[in-house]
Amino acid sequence: MSRRRRFWNVFRAARVQDDIQRELAFHLAERADQLRADGLSAEEATRLARRQLGNLSVQAERTRDADVALWADACARNVRFAVRALARNPGFAIPVALTLALGIGANTAVFSAIDTILLQPLPFPDGDRLMRVTQTSDDSAETNIAPARLEDWNRLSDTFEAITGYFMEDVSDTSGELPERVRRAFVAPRFLDVWGMAPARGRDFVAAEHQDGGPSAVLISDRYWRSRLGGNPNALGSPVRIGATSYPIVGIMPAAFRFPDRDVDLWLPSTAAASAPRAATWYEGVGRLEPGVTVDQARADLAVVQTQLGAQYPDTDAAVAVSVVPLKDAAVGGVRGSLWLLFGAVSVLLLIMCTNIAALLLSRAVQRQQEVAVRFALGASRVTLAAQMLTETAVLVFVGASISLLVVAGASAAFRMLAPTFPRLDEVSISWSMVLCTVVSAIVVAVFCGLFPAIRCARGLDALGAAGRAHVSHRHSLQWLLVGVQVALSVMLLAGAGLLLRSVQELSRVAPGFDVSRVLTFRVSGSYAESRDYNRVVQRIDGTLDELQALPGVDSAATATMLPGVPGQYEIEFTLVEGRADTEPRLVAESRFVSPSYFETMQIPVLDGEPCRRRPVGESDVMVNRAFAERYFTPRSPIGLHLVDSGRIVGIVGDARERGIDRDPVPTVYACFSAPNPMPAYLVRTRGEPEGMAQAVRVKLKELEPLRSVYDIAPLDEQIGSAFSENRLRSWLLALFAGTALSLACVSLYGTLSYTTRLRRREIGLRLALGAGRGGVVRQLLASALRVVGLACVIGLGLTALFTRVLSGMLFGVSTTDPATLAGVVALVLTVAVFAALLPAVRAALLEPVRVLREE
Amino acid sequence: MKTKTRNDILQGPLALLVLKTLASNGRMHGYAITAHIKNVSANLLRVEEGSLYPALHRMEQDGWLRSEWGVTERKREARFYTITRRGHRQLAEEEACWTQLTDGVARVLGYV
Chain A
-1 MSRRRRFWNV FRAARVQDDI QRELAFHLAE RADQLRADGL SAEEATRLAR RQLGNLSVQA
59 ERTRDADVAL WADACARNVR FAVRALARNP GFAIPVALTL ALGIGANTAV FSAIDTILLQ
119 PLPFPDGDRL MRVTQTSDDS AETNIAPARL EDWNRLSDTF EAITGYFMED VSDTSGELPE
179 RVRRAFVAPR FLDVWGMAPA RGRDFVAAEH QDGGPSAVLI SDRYWRSRLG GNPNALGSPV
239 RIGATSYPIV GIMPAAFRFP DRDVDLWLPS TAAASAPRAA TWYEGVGRLE PGVTVDQARA
299 DLAVVQTQLG AQYPDTDAAV AVSVVPLKDA AVGGVRGSLW LLFGAVSVLL LIMCTNIAAL
359 LLSRAVQRQQ EVAVRFALGA SRVTLAAQML TETAVLVFVG ASISLLVVAG ASAAFRMLAP
419 TFPRLDEVSI SWSMVLCTVV SAIVVAVFCG LFPAIRCARG LDALGAAGRA HVSHRHSLQW
479 LLVGVQVALS VMLLAGAGLL LRSVQELSRV APGFDVSRVL TFRVSGSYAE SRDYNRVVQR
539 IDGTLDELQA LPGVDSAATA TMLPGVPGQY EIEFTLVEGR ADTEPRLVAE SRFVSPSYFE
599 TMQIPVLDGE PCRRRPVGES DVMVNRAFAE RYFTPRSPIG LHLVDSGRIV GIVGDARERG
659 IDRDPVPTVY ACFSAPNPMP AYLVRTRGEP EGMAQAVRVK LKELEPLRSV YDIAPLDEQI
719 GSAFSENRLR SWLLALFAGT ALSLACVSLY GTLSYTTRLR RREIGLRLAL GAGRGGVVRQ
779 LLASALRVVG LACVIGLGLT ALFTRVLSGM LFGVSTTDPA TLAGVVALVL TVAVFAALLP
839 AVRAALLEPV RVLREE
Chain B
77 MKTKTRNDIL QGPLALLVLK TLASNGRMHG YAITAHIKNV SANLLRVEEG SLYPALHRME
137 QDGWLRSEWG VTERKREARF YTITRRGHRQ LAEEEACWTQ LTDGVARVLG YV
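Here the protein sequences line up with chains A and B, keeping their order.
Note that the working numbering has the first sequence beginning at -1, numbered continuously upward.
Note that the working numbering has the second sequence beginning at 77, numbered continuously upward.
If you're looking for bench data, these hints aren't it; they were derived computationally from the structure.
Beta carbons are placed, not taken as given, at the ideal position from N, Cα and C, and that holds for glycine.
Please note: incorrect hints may appear among the correct ones.
Derived, one-sided and incomplete: chain B residues facing chain A with beta-carbon distance under 8 Å [said to hold, decoys possible]:
#	residue
1	Tyr107
2	Pro130
3	Arg134
4	Arg155
Same shape as in the complex, but just chain B (with noise of 0.2 Å):
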């Protein structure tokens, strides 16, 4: 399938950030990733929870992550999300897309 790059502002970070979380930390469910995210940026980023379960399906759909269902170390049924191969490929693209368009912003900011 296609890879769909996202103008979307929300939508595109959302995905990289999702696809990192899950690169560096293997199998996890939909709460911790919102806890990662929001841990490992200082309180600086929160996921808008609304927007997270949407976005993990879709992506899933699209084939970058896979799911299953799993209990949790405190005996609660949780489904788990992790990244597949294709996922892998979309993160480094959306990786370098990213800091493309952080650089170039710089940039723009930077020039007086």
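Next up, chain A with everything else stripped away, as it sits in the complex (with noise of 0.2 Å):
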């Protein structure tokens, strides 16, 4: 308790100190009174009661002493003290404050998106437990399931509480006056079960919903209701109308219900009978284990599972495979990599900080060399010295660390801003993990650069003599450690800021097969209900590229399931009707429904036989690539035969990178099938700008198709582009950091340069007197830099060879040891090392000798 109120007392300095006085002058005055009545005047018994008392001002700090907690009362000084000097010197403390606000601050808000991301479950109840659920198979890409093998594994397995699927369809909502592109998601039974979720107003969907010709219902997102419908509370049980149906509203899902992806408004339950042929795929699949349930038991017991279905269906079902991994694993999974990759880069950035604020106070605590010696030699204790010297970093941490918490703010919304297709980014916020995470970067940096100094700072001063007259000594030698631990470390983060660049400018660079350029790209709203009727499907299809085409301005127009050069694969194994030996490799290739006209309009060569035609519904043609074409038939010619299910294979187009421009071609087959979908991408080939196309087309779909929307209108470069947004960003800010770290080097190979010149005036002043020439003394300090700077690049290069070790899967066309790469980083680096040893070098050169002599 007393140590409490003593640790208080050292903020109630005033007060005590009054209270003090006070008690002091009733003594004296008592006393006083008292020698005057023994028979003394006035002023002698003042005098004397003095006397007996003894110096005023002594006793009362010894009084006060007894009243505070002496090592608070010392700290208090220490900041008071620190903050003072670093007001002094706004040129030193200012840099640091923000190199540790940037270094903290990146490090949190990385960190805080590592946290949210990879780390936090899914924001559902007991989101570990949710499921990626698919079927896989050896001869094709599909992994969406049956109806009827859904509910055969929701039945039979018991390591799930409950399986389900989705199937989600960007269709047009005509409630308003204008149609809006709308995506819906149809649900098999148990959906919201499996999420753990319920509608926030109204109700989950009943069985009946899901039979054929049952009631229909639709469950609309907080989104929806809040921006169409204007948060209306009655909104339950009023339409809403996609084309030409009305679907009663049975219930609102909460605001953080943003499932299967985040623009996703409408649930609608299927209807997909349990009937439906066991070969068709419908749903992607999601289950909820049963609490205590590992994801391998989970594995093993759906997997004991299919082979029994696999027995009893075997002409459908023996070859299907299941696969289960955690959701969260199959949602963020891609960006695991650049997110670590990230947090790695900002740590060492953050590494290289605080190495370069230990420099900056180190040799601070050297230019107040004398300072600290006069102060030592009145009587100051080294503790006390090293404490005081700790204390002005913890100062400048918290400073720093404050300011970090902005930079973070701003971080998160420019992360945002960045890469908007980041999976769970929309979770990411400031919470009390991230802060306290800041804290304790704080700590442990304030630990680390404070240290150094105050070491130094208690062992190294034995005399004010040595203070004045410092040697060209070992004690430098940190200085430099600390120079070349920072180069080391630039010298491997521009190494893999240097690699990604390259790889971005590889990828733009590469010849995809196909002409990006002047590629206008978009879809139009469809639903697969459509597909009841075929013919219909591809007339209007048909009909619409047929417009497009005769719009002026359009030189021919597309359609395909896939965007060319957008990652995306979709790989299966054909057979030949005419058949094909055992012993010959088995026909693995892309799939790809094309429209005839997609090699015009992509500009894909035609190499062999003839373009393809349109051809009435289930006796399309076929193209191949060369790449096929040569794989599997070489010495022969493809030309002519069948594909089961596809069709005749009638010419050879040229290789074209189909599955992302960052993959290399692979065998392809084209089936020429403008429809393989109610809703294939549409690419149109212009003959001006793209975007200035963009108007033209909306106007003629609207004039085709006044029911339907318009969406995703964007030209095929930038499509492109936003898919490898990811890697552009991670590329950009890999050499941010770098960049920043190659600069915080400099700034700290110059100050310590300048220092060891100063250190070194009276030695130049000597030999240049002596008569040495001003170059020689340049190219001697020059070297003394260099040869620390070069080590630290040969440490750095062998850091570098770890570090690319990380980065290899996420290069393209430079390999991790690119020399070119790694001699223009280590040239770099040399170059501005020159430059920022140059001028303390030439600085010291020009000294005047004989006044540096007579300083002494």
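Please dock the two separately framed chains into a single complex, following the hints provided.
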């Protein structure tokens, strides 16, 4: 208790002081009265009373010492002293505080992103029990699940509470005046059970609504409710119109529920009957594990279930296997590498910043050697002096950490803007775990940064004399070591950034096999329900293509299941109607459905045979690429052969990077069929800038299909670019970190060399006086700096070898040991180092020897 | 808080004397304490005034004394001290200690 009082008395200094003064004054008055009563004069009495008490201020001081906790008092004094000292030297304090703010802030921002995206469970009750369930088979890339099989899995497995499925489509919401694109998900029974969520208002679907011909119903998202229905509390029961059909709203989901993706606004009960063919593929599957069940147990369980089904339905189920992956991994797996890479880079940067600040503090300590030595001589203890240095650091770190919270807030906003496609980004926010993280980093940094100067301060101050007349001694080796560490780490970051940037550059330089420029892409809403009458779908899409092609300014128009060059693959095994020897390789190839005009539109050359033509539904032409023909048919030609379920191969086209421009072309089969599903991607080759045609296309489609909406309208190069935006963001961020690291290292190099030359002024002056050339002095100083930098470069390259092992999966078109990049990095570092070292070296060489020698 | 036994011959007896004085007389200010000790010891002991106030404050911080501002009979503002329960315990301890010490010293001196 009294310990606490003593602590608080530190901050009530004035009050405590006043009390003591009054108490002592009373004592003096009483004593004087007494003495006067004993017969002394008033004046003498006062004097004697004072003499008996002793020195008044010493008394007050000693009494006060009893009242306050000395350590706390010393701390408060140190803090006051530190603030004063720092305020006197803003040129030192501001850069250090800002450096710290940036370092801690960047670190915290990246870590909080990692924390939310990779470490936190998905934002559903027991989110870790949610699994992505898919079917796999050797001869097909199809992972969607037939309704009957989904029901079988759900019924037969005992490791899952429930398994459900969904599929999405972009349709036209005609509730308002203009049709608007809306994404809806058809969901299998048990959908909300699996998520463990309930509608915020209204109810879940009932069993009857999942029956074919049962009542219709729709659940709407919170966003849809607020933006389209104005948050009307009586929205339940009112209709949502899709195309020509109305669905009554039965419930509104909570705002946090955004699944299967954040664009979904409507959920409808799927009426897919369990009697649908087992070969059909409908659902993407998700399941919720029973509590306490591991992923491996679930996998084993479903594997057993599927084996039974394989025995029961050998035709459709024997070749099918089940894959179970935690939903979180499925959702964020792609960005895991990038995030950890950024975190690593940012941590290295923080380390460099600490080293830099330690070096700055160190040279500051040396600059203040005189002052410190005087105070030491006047009786300050080493501990006191060291404590003071540590306090100064702590104050800096505290200020830096406070500013860093601003950096953090800004960083998450910037992150959201630059990489909108990152999964779970909307969940990232400033959380307490993040604040805690900042505080911990601050403490670590304080200890790390403050320790060296403090130790040296406590140790190295032999005498007043030494401070004035420093020799070139081993003492600078610590400074140079810190510079070396920074340079080495910078080299590592620069090399990583260089390789990533080279990859981005290579990626833009690659010849994809098709012409990316002047292609406008978009989609037109549609529903899988239309596929009941396929002839109509084909008619509609072919009609649209013809109209688009006739637009002035359009060279050609095509459809495709997937956009070329945007990452995505669909690999299946084909079989020949004509048969194929078992000894020959299996015909595994990427499968693409494209309209016959695709090759003209994308400018993929037809190398052999003839271009494909429009055919009636069911007898489409097939084109294969050169890789397919060469891999599987050399020296024969595949032209004229028939692929089961696809059609006759009529021609061979050039290889194109269909699967993503970062992947080499693979054997590809194009089935020439413009309407593989009711909502393919449209590609329009324009004569001018593609954006210029966007309005004309919209107007045309409005005229053709007033009830449908056009969306995702963008030039192809932009679509490809945004598919690789994470890639670019990662590269530029790393480059930014590396650049910062290098500039910090240079500041440190400059500071250290300036400091060394200051210490060696006398020696240099002496040598100049004895006739040494100024050029020689510059050369010698430069050499001493470059020796350290050169050694650090070598070590940095060694570190790079470790670092690039992490990078290897992210590189494109460059090897991890790309000599041009590495040499470039070393050259850059050496050049910058020479510039940083030149100024202090030249300044030293321009010393007036006489003046220097007189100074001593 | 742990009670401290001081070997310091100046501090030790001073604390003991102050505690004893306050224990027998109740509420007193610093000047009265010096006067009391001087009178009772028949001028044999004189509290060094320089050590008194630091000692009083330390004892207060240790929780042996409590202080408050008040007015003397002659209408002067003074800080009055009273002994706390913890102070009484400390007094008992220090008295025992002191007795032991003086006993021991007497025996050594009395040994021929």
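Hint check:
Taking 8 Å as the C-beta contact cut-off toward chain A, the hint placing tyrosine 107 of chain B at the interface holds, the least distance being around 4 Å. Proximity of proline 130 of chain B to chain A holds as hinted, the smallest CB-CB distance being about 4 Å (cut-off 8 Å). A least Cβ separation of about 4 Å between arginine 134 of chain B and chain A falls short of the 8 Å threshold, and the interface hint therefore holds. For arginine 155 of chain B, the shortest C-beta to C-beta distance to chain A is roughly 5 Å, which falls under 8 Å, so the interface hint holds.
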